[in-house]
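2 protein chains.
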Amino acid sequence: MGNNELKQTMLSKAQIAKSASRKLVSMSSEQKNNILLSMVDALQQNIKEILFYNEIDIQAAKDAGIGSAFIDRITLNEKRFYNMIKSIKDVIFLQDPIGTIAEEIIPSVNIDIKKIRVSLGVIAMIYEARPNVTVDAAVLCLKAGNAVILKGGYEAINSNKILAKTICVAGIKAGMPLGAIQFIDTMDRNVICELLHLDDFIDLVIPRGSEELIKFIKNHSTIPVLFHGKGLCHTYIDKDADVNMAINIALNAKCQSPSVCNAMETLLIHKDLAEKVLPSLCKLYNDAGVEIIGCEISKKIVNSIKSATEKDWRTEYLDLKISIKIVDSLEEAIEHINKYGSMHSDAIVTNDKKNANKFIAEVDSSAVFVNASTRLHDGNVFGLGCEIGISTQKLHARGAMGIKELTTTKYVVKGNGTIRI
Amino acid sequence: MGNNELKQTMLSKAQIAKSASRKLVSMSSEQKNNILLSMVDALQQNIKEILFYNEIDIQAAKDAGIGSAFIDRITLNEKRFYNMIKSIKDVIFLQDPIGTIAEEIIPSVNIDIKKIRVSLGVIAMIYEARPNVTVDAAVLCLKAGNAVILKGGYEAINSNKILAKTICVAGIKAGMPLGAIQFIDTMDRNVICELLHLDDFIDLVIPRGSEELIKFIKNHSTIPVLFHGKGLCHTYIDKDADVNMAINIALNAKCQSPSVCNAMETLLIHKDLAEKVLPSLCKLYNDAGVEIIGCEISKKIVNSIKSATEKDWRTEYLDLKISIKIVDSLEEAIEHINKYGSMHSDAIVTNDKKNANKFIAEVDSSAVFVNASTRLHDGNVFGLGCEIGISTQKLHARGAMGIKELTTTKYVVKGNGTIRI
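Chains as they are written, first to last, in the numbering used here: chain A, -15 to 405; chain B, -15 to 405.
Careful, some of the hints might be misleading.
Treat identical chains as interchangeable: a pair holds within one or across any two.
Said to hold, decoys possible - With a Cα cut of at most 30 Å, we get these calculated DSS-like pairs of lysine-lysine:
#1 K98 - K70
#2 K98 - K342
#3 K99 - K388
#4 K199 - K388
#5 K337 - K98
No lab work stands behind these hints: they were computed from the structure.
With the sequences and hints as input, model every part of the structure.
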């Protein structure tokens, strides 16, 4: 496709999406849930075809010599398929946020004001790898009354196309406005650039994927961006921590699911407690297959620890690997976290309330934990229902995001011929 | 200054601001209010000097042959000076949002979670003309616990410099962290470009000024932008409107303060009511000195109306000028507003509840008014206290914004050795 043709195609998709979003605002929760139910049926009926196309993507990745961790991410087996179905059902059961009161307003003049929750309009979702995002994102956006433009990665293109086609056809049959869900199958990267400038029609861009993808989108978008950035999470074991609790939390935060964003990457230990914690903890880490690197002081306490470099403090391993630093004070721990962290999830283990409060106030992260594992940072654990992601930015949404974060608000003002005096 | 030197200077300012913001988070409301009080005193003591420097800006503008409307905007007379002082006092009386509960969270596991309101960090405020913005923005940011980097326009550079110097010196004497308020007096436009890429240190950019300035910033910033865009506001007089009420509202919305963003620019009238409304209303508009242009049908009803072009429906006059269109239906009115409006403030005058509800649901604006004037869209009228502006975007803040919109949230999670299972 030429650049001009591409521009026109994207513009026209965005315009159709905007027009569909105008229709979605008047749909009841029941109508939206019926559409979602029809998608569940259609996906279940098409399971064989969907897994067949997924197999094509897997084979292509294997032929290209791509690593097994990545192939695992694009794989859609039966178990994952039914998890995807379950997550649509969860969305059906979610309370519809549209029309609820967002905030109580007490005006200074005699008018009736309500700040109500309304849909955002059109959302562009740009993602990589996992094909279930196609379905997850589409149904969450739809439930919140938004039209969505999906742009998945090339790695799962065949899976994404069949999934999108299945839910679109079923949705439209069940009354979904035409263009409410659109999938872009052009692999040209210019497509993303074109999309990112259509701020007259697209209200929000959500990138989900590598740091590089997110950076590209932040740098090119004139549309507001809501991103789920990296999770370089810390646990700090304070001077007055309960040693057993500290070891338990440090073990859980690193090992329970090392490849996810809320897993711990760096452990900070107060110097007065290092000798009590480190030897037993390192033994447990060794048993769990964790590679341990650390500062010079930590190496003196446990000889098998390898040297950490400056780069390690900045690295999100997403793996069974940890960097450990012995610090002189709470202040040093806080400074380290604010300097190297990604403002995602950071924990302190302490019995000192004053220190806990200082940590809470001064650590600039979306979630701070006291005597608890960073792994708890999750939309479901926090009771938000389905999670879109964990925002590591500060505007609009911060930390675990639910369906509410796919909405905005509107002031509705009723008067009786009221004018400004 | 060379480009590299410029980059270094901006980076260093942003780093100092970030460091100041870390100190601000631990300050009590009383400490912050004391700093603001010291600024009130210092400004009052320096009034002569401030008005003297303002006179220099005014003279320079006159010498450059700049129009009187613009000169009025940069003028800081005694009355305006004391309004500025009053607005600092208003901020002192505002409830401190920091540390308040932003939202009730009911977790699905046995942990204690609070979503509390915290400061954003560092805000860059980029504005034009009015020198009082220097003070207004600085004190609101400070009260919300944020450091602020101010970049005012060249037109009021001398006024801005003396205002910023006065409040900074007084603030620091009263315990404000060094660098919590910084003013950039370099006039090089590259300064803005450098600032807009410092997303590691600056959390939010607020542009305030021309459409062109806002567009420039949206296009260049990798930092989230919160903007107060243009106000192309409509009033729609429905078939079942009370004629007197409609005329009253249409007169108020246009004439009470025509140069502000919530003033009406386009009036839409249902065809069945046009002959009843238009002649009397146009007479009142003529008496008020309003220039009237309109569609072909409106011209047949009132001969003195001049022809509107397509461009008029897209123009924010900010003046005693109005464009009028006769429409066939509520649907046509809604479509016109969504097509040409700026999603700011739009009103319907009607006694038909069903039509009112359709208008509320389908008009995609930050505030919709039923039987009330768009001029009511204002932070003070809405009871928010001091207003930062009216957001015409949908993320983070929409419509009238108060101090709360200069904050974000943080999850504070307390466990008892709680881990993820």
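Hint-by-hint comparison with the structure:
For the identical chains of this complex, K98 and K70 are inter-copy neighbours only, at 29 Å across copies versus 35 Å inside a copy, given an alpha-carbon limit of 30 Å. Taking identical chains as interchangeable, the C-alpha atoms of K98 and K342 lie at most 30 Å apart only when they sit on different chains, with a minimum of 16 Å there against 37 Å within one chain. Proximity of K99 to K388 under the C-alpha cut-off of 30 Å is found in both arrangements, the shortest distances being 14 Å within a copy and 14 Å between copies. When the C-alpha separation of K199 and K388 is checked against a cutoff of 30 Å, the pair qualifies both within a copy, at 25 Å, and between copies, at 28 Å.
Taking the closest pair of Cα atoms, K337 and K98 come within 30 Å of each other only across two copies (16 Å); inside a single copy the shortest separation is 40 Å, beyond that limit.
The structure agrees with every numbered hint stated previously.
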